[in-house]
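Turn these sequences into a full structure, and let the hints steer you where they fit.
Residue numbers (this note's numbering), protein chains in the order written: chain E, 98 to 495; chain A, 98 to 495; chain G, 98 to 495.
You can take every hint at face value.
Note that the list lumps identical chains together, so a pair holds whenever it fits in one copy or between two copies.
With a straight-line Cα cutoff of 30 angstroms, these simulated DSS-like cross-link-like pairs (lysine-lysine) come out:
| hint | residue 1 | residue 2 |
| --- | --- | --- |
| 1 | K241 | K384 |
| 2 | K148 | K476 |
| 3 | K488 | K154 |
| 4 | K101 | K285 |
| 5 | K241 | K154 |
| 6 | K484 | K154 |
| 7 | K386 | K168 |
| 8 | K360 | K450 |
| 9 | K446 | K412 |
It should be emphasised that the hints constitute simulated quantities derived from the structure, not laboratory data.
The lines below spell out each chain.
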Amino acid sequence: MLDKFFHNKVLAFRNLAVNMYNQDYLLTWEKSLNEINATILLADIFKELHKNGISLKTFETGLGISIFRDKSTRTRFSFVFACDALGLDVVSLDEEKSQVSHGETVRETAVMISFLSEVIGIRDDMYIGAGDSYMREVGQAVQKSYDKGVLAQRPSVINLQSDIDHPTQSLSDLSKLVDYFGSSENLKGKKLAMTWAYSPSYGKPLSVPQGIIALMTRFGMDVTLAYPEGYELMPEVVRQAEIFSKESTGSFRITHSLENACKEADVVYPKSWAPFEIMKQRTELLKKKDVKALDKLEQECLQQNSRFMNWECNKNLMELTRNGNALYMHCLPADISGVSCKQGEVTEKVFEKYKKDLYHQASYKPFVIAAMIFLTRMKDPLVTLEKLIRKNTSRILS
Amino acid sequence: MLDKFFHNKVLAFRNLAVNMYNQDYLLTWEKSLNEINATILLADIFKELHKNGISLKTFETGLGISIFRDKSTRTRFSFVFACDALGLDVVSLDEEKSQVSHGETVRETAVMISFLSEVIGIRDDMYIGAGDSYMREVGQAVQKSYDKGVLAQRPSVINLQSDIDHPTQSLSDLSKLVDYFGSSENLKGKKLAMTWAYSPSYGKPLSVPQGIIALMTRFGMDVTLAYPEGYELMPEVVRQAEIFSKESTGSFRITHSLENACKEADVVYPKSWAPFEIMKQRTELLKKKDVKALDKLEQECLQQNSRFMNWECNKNLMELTRNGNALYMHCLPADISGVSCKQGEVTEKVFEKYKKDLYHQASYKPFVIAAMIFLTRMKDPLVTLEKLIRKNTSRILS
Amino acid sequence: MLDKFFHNKVLAFRNLAVNMYNQDYLLTWEKSLNEINATILLADIFKELHKNGISLKTFETGLGISIFRDKSTRTRFSFVFACDALGLDVVSLDEEKSQVSHGETVRETAVMISFLSEVIGIRDDMYIGAGDSYMREVGQAVQKSYDKGVLAQRPSVINLQSDIDHPTQSLSDLSKLVDYFGSSENLKGKKLAMTWAYSPSYGKPLSVPQGIIALMTRFGMDVTLAYPEGYELMPEVVRQAEIFSKESTGSFRITHSLENACKEADVVYPKSWAPFEIMKQRTELLKKKDVKALDKLEQECLQQNSRFMNWECNKNLMELTRNGNALYMHCLPADISGVSCKQGEVTEKVFEKYKKDLYHQASYKPFVIAAMIFLTRMKDPLVTLEKLIRKNTSRILS
Chain E
98 MLDKFFHNKV LAFRNLAVNM YNQDYLLTWE KSLNEINATI LLADIFKELH KNGISLKTFE
158 TGLGISIFRD KSTRTRFSFV FACDALGLDV VSLDEEKSQV SHGETVRETA VMISFLSEVI
218 GIRDDMYIGA GDSYMREVGQ AVQKSYDKGV LAQRPSVINL QSDIDHPTQS LSDLSKLVDY
278 FGSSENLKGK KLAMTWAYSP SYGKPLSVPQ GIIALMTRFG MDVTLAYPEG YELMPEVVRQ
338 AEIFSKESTG SFRITHSLEN ACKEADVVYP KSWAPFEIMK QRTELLKKKD VKALDKLEQE
398 CLQQNSRFMN WECNKNLMEL TRNGNALYMH CLPADISGVS CKQGEVTEKV FEKYKKDLYH
458 QASYKPFVIA AMIFLTRMKD PLVTLEKLIR KNTSRILS
Chain A
98 MLDKFFHNKV LAFRNLAVNM YNQDYLLTWE KSLNEINATI LLADIFKELH KNGISLKTFE
158 TGLGISIFRD KSTRTRFSFV FACDALGLDV VSLDEEKSQV SHGETVRETA VMISFLSEVI
218 GIRDDMYIGA GDSYMREVGQ AVQKSYDKGV LAQRPSVINL QSDIDHPTQS LSDLSKLVDY
278 FGSSENLKGK KLAMTWAYSP SYGKPLSVPQ GIIALMTRFG MDVTLAYPEG YELMPEVVRQ
338 AEIFSKESTG SFRITHSLEN ACKEADVVYP KSWAPFEIMK QRTELLKKKD VKALDKLEQE
398 CLQQNSRFMN WECNKNLMEL TRNGNALYMH CLPADISGVS CKQGEVTEKV FEKYKKDLYH
458 QASYKPFVIA AMIFLTRMKD PLVTLEKLIR KNTSRILS
Chain G
98 MLDKFFHNKV LAFRNLAVNM YNQDYLLTWE KSLNEINATI LLADIFKELH KNGISLKTFE
158 TGLGISIFRD KSTRTRFSFV FACDALGLDV VSLDEEKSQV SHGETVRETA VMISFLSEVI
218 GIRDDMYIGA GDSYMREVGQ AVQKSYDKGV LAQRPSVINL QSDIDHPTQS LSDLSKLVDY
278 FGSSENLKGK KLAMTWAYSP SYGKPLSVPQ GIIALMTRFG MDVTLAYPEG YELMPEVVRQ
338 AEIFSKESTG SFRITHSLEN ACKEADVVYP KSWAPFEIMK QRTELLKKKD VKALDKLEQE
398 CLQQNSRFMN WECNKNLMEL TRNGNALYMH CLPADISGVS CKQGEVTEKV FEKYKKDLYH
458 QASYKPFVIA AMIFLTRMKD PLVTLEKLIR KNTSRILS
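Next comes the structure, spelled out in C-alpha cells:
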C-alpha cells in the first residue's frame, strides 16, 4: 500500500523532469510550473516518509546556515527541522556577534560561511528594496567563488521571507490547498480571497499577500485581492499575478470591499500588512536613522489602520463564503480579537474552528524547505530520492 | 566481563517492566518506584556504554528543543550531551528572538516547534506557580495536536528545573548515592540531612531541596530537612515526603538546627534557598512589575539571610557526621566561603575534600536525561536497548 | 589517480610518526616540526577528501564546545565546519547566559562542559596575559578530571586565537604558502614581509603577526618584521622567531621601514596591530574598569596610529616586491581604503587583485582545525585515517 503510494508519487516526480541543481530559491515566479509542482510533490513525499518513520537523511555531514534579520519562530524552526531531517547541522549567523555589514563585506562573509555549507536560509523582510537584493548578493558571491574553485560546493540560498516574496509560506499554503481540494487540478476555478485585515500593529511585510497572489493565480484559481485604498502591494507583483491568471485561465481582480471579496469564496486568507507607500517611506527614514520621523510615521500608520477596524474575519463574514464554510487560512501568528489583542484580524470563534487546519497548513513548511534544499542540492534528485526510499532506513532504532 | 555487566543490568531493566512511551517527565513523585528505578538503571547502563566507547545513537535524525527561562550551564550542557548522544540535534527556543508570550501563544508555539521534535526540555524555575504549569501547558498542547494527527510524533516534555521539582538533579543525586552505598537497597536507614545554608544571594529556587526530600524518602532513607524558621518549603511537597517515608519505612523530620540535622548523618546536602513566602510575594510583585517593591523585598530577604550566616558547612559541622566522614553533596555551583563569595554555603576545605565526589555526582546528569528521553520516546525501550548493545557500534572510528 | 594522491600523502603522514593524543593545541612553537607538518598534511588530505565528496565523519556522536570571548565569523564558522565534518555537534558556551567567572569557577565549568565533549575551541585574545593562561587553566582542569576518572574522555583545548598566538590562522597561512610555492621545501629562502599597516581601529591583537613570525621562520624563510617604532610585539615571541630562523638556516630581522621590508619580497602580509605596551596598559585599565583612562588611551592610540597612515599596501609598495608580483596575504577582514574605511591597510586595487588568493588562504582553516582535532583525539591517527579513506563513504547520498 505504502509502496504503491511512493511508486506513483515518484513516477509523477520523474515526469516533471526538473533540474534545479546549484540554483537559489528566491521568488516562486522565477520558477517554472513544473519546478513548483516538483517542490510540493517532493514535500508531500518527505512528509509521508517522515510519518512512516523513514529517515530522510541525505547528507552524512554538512551545514545549513541561517541568517535571520527579523524575528521568527515558525520559519526558523521549520528550517532547522528541514536541515536536520536531511542530515545537516544548522548554524546561525548572528550579525551582532560577527563582523558583517554591507557591500564588499556581505560578499566576503557569504564565502567565509560557505566552505562546507549546503544551504543558506535568509529572512530579510524589513526594508523595501533590501531583502531580495541582499539574498541575490549572497547567491552571486557564492556562485563566483564556486566558479573559481574556492568553494568545493555551491550552497543554495533559500528565501525564508524577503521584502517581496515568502515562498516557504506560499508553497506550504499551496500544499494545504492541494490536500484540501484533493489535487492541484481541483484548484481550478476555486475562489480565493486574499484580504487585508485590521491589526493594531505596524510595518507587517507585504511578502505573504504578494506570495499568495503570484502563486495561486498559476493554478487557475479565481483570486481576489482585497484591501482598503492606500494598502497597495508592489505593482510588479500585481502585474505578475495578472499575467499568471491569464496563462492559467483563472482570474485575478482587486477590490476594496472585504465582503465583496469573500462572497462565495472557497478560501479566505485575511491578513494584515503595511501599505507599500508607507513601507517605502519607512525604509528611507530608517536609512537616514530619522527616529523622530519614524515615530511620526508609525503613529500615522496606526491611525490609518484604525479607520479599518471593521476589516475583521468574523462569523458574519464567513457566512458570506461558499456554504458559509470557506477554508480560513493564516500564516500565523494571527492577531486574534480578544486573545492576542483587543481587536484584530480574526475573531476567536473563527480561529478556533479552523485551528486544526491552520496547524496542518503550518505542518507542511518543514517539508517544503527540505524539498527546496534537496532540489537545489542534488545533481540528480530522482536517483537520490529512489535510493532514499529503497534504503528505507528507520529513523528510530526499534 | 562487560557482557555479563550488561546482561545483568538488562535483565534487571526487563524485570522493572516499565512503559512510559509518550509521557512527560515533570515530577518524580508522579512516577512509580519502578519507573524511577528504571531511569537510574538505564542511566547507569548508558554511562557504562559511553565509558566503553560504545555509541548510544538511537535516532538517525530528530531534534531536541531546549527552553531556558533561567540561567544554566550544567543542566543546559547535560541536555545537549544527552540529545547528542542519542542522535538528536538541539535547538534552543530563545524567547526574545521568537514570537512567544502566554496562554494561547504558548500552546500554538508548542506545536510549531514540535513538527519534527522528540523532546522539549524546559527550565522555568523563577516564579512560584509558573514553571510546572507552563510545562504542563506545553505537554497538553503537543498531546492534543498528536491526537488530532497534526504531529507525526509526540515530543516528551522534560523538566529541567521547575518551581516545584528538579528531577534531572535529584535522579543524578540518587544515582550517586546508589553508587556510593553500593545499591539502592543499601540506602535504607542511611541518614541524609538536606539543610539550608547561608548564601549572599537571593531568590534561589526551592526545587532542589524539594526534589531531594520527595525522592530520597522513597528509598527508606532517614531524611532530615533543616532550615531556619521562615525558610519553609511548599507544604504539599513536604506532605509528599512524609507519605513516602511511611511507605518505605524510612523517616522524615524537620528541624531548625543545622547541627542536630547533621549529627551522625551519612550524607549532608547543605544548599541555600529562598523562603517560600518570599518567593510567593516576589512572584506577585513581578507580575505587577513593581520594581520598587521588588528591590525592597530583595533587601529584606538578604537581611533575613544575613541573620543565618552561621549556617555553613564547615569542618566543625562535618565532624558531627558519621565518623566525621559523611558524603557532602551539592548541585553546583556552590557558594564557597572565600572563593566565590566572602561567606557562603561551604568552606573551601570541605568543598575541596569532596570535589571528586561532587564532579562524579554531576557526571550522572547527562545519562539521567538520556534515560528520560529514551524511556518516554521508545515504544519498547527493552527491545531498542538490546539492539543498541548488540549493535555495539564504536563511537569513534578506530 | 586519486588513490595515488592519497597513497603518497598517507605514506608521508606515516613517516612523520606523530602522537598528539590527549594534548592541547595552543602555541605552534610548543609543537615539533613533525607535528606541524602532520597538521598541514592532514588538513590537505581532508580538503582533498571533501573536494571529492568523501565524508570525513570520524565520530558517531560527540560534541565540540566553542567559547568565544571576542567577535569572530571566519574562525567561528571554521570551527563549526571542522566539528561537523568529523561528526561532532557544536554547542557554544555563552558566558552571559551561563554561570561562569574566574579561577575556581573556570576549572569547575571546564569539567561540567566536558562530560561528553571531544574538543573545546577557545578564542580569548583581548587581554595581554589572559587568553593563553585561561586556555591552560581549562586544559589542566579537564586533564585532572580525566586522570581521576571523572571524565570518560579528555577533550582537547584548541586555541582559536589567544593573546599570544593564532595557530589556526598561521597554519592556514602556511598551507597556502606550501600550495603557492609547491612544497614546504620550496619555502626555504623565500622572503616574507610581515608588516604593520595603518588602520583607523584600536586594540587589534598581536597574535597574527606573532603567529606568522614564529611559524614561518621554522621553514627557512627570510622573514622580515616591519613596524613603526612603538609597535613592538611580545619580546619572547620575537626571541622564539630568532631561534627558529637560526635552526632552519633562514633569517629573521626587524625594520622600521615598510618599503625596506617589502623590497624583493615573495610574500607580503600587511596587517594592523596595537602596540604591546598599549595593550598592556589597556589590560591593566580594563582590570580596574577605569573607563575614563581607557577612553583616553584609545584616543592616544588612534592619534599615534594616524601618524603612520602611509603604512598602506598599495600599488607603489607592491611594485617594490619580487617582479612587482609578491603574494599578498591577510587573515581577513582587511581594512580596505575607500571600501571598509576611508584609509586602511590596503588599497582596493591590490585587495581585488588577490581576492581569489585570500579566499583560498581562508579556505584551509576548517581543514586545519579538523586536523588539529583529529590529531589530538585519535589514539592512532594513522589507523583511523586509513580506515576513513578505505571506507570512502560518499558525503551525499547519490
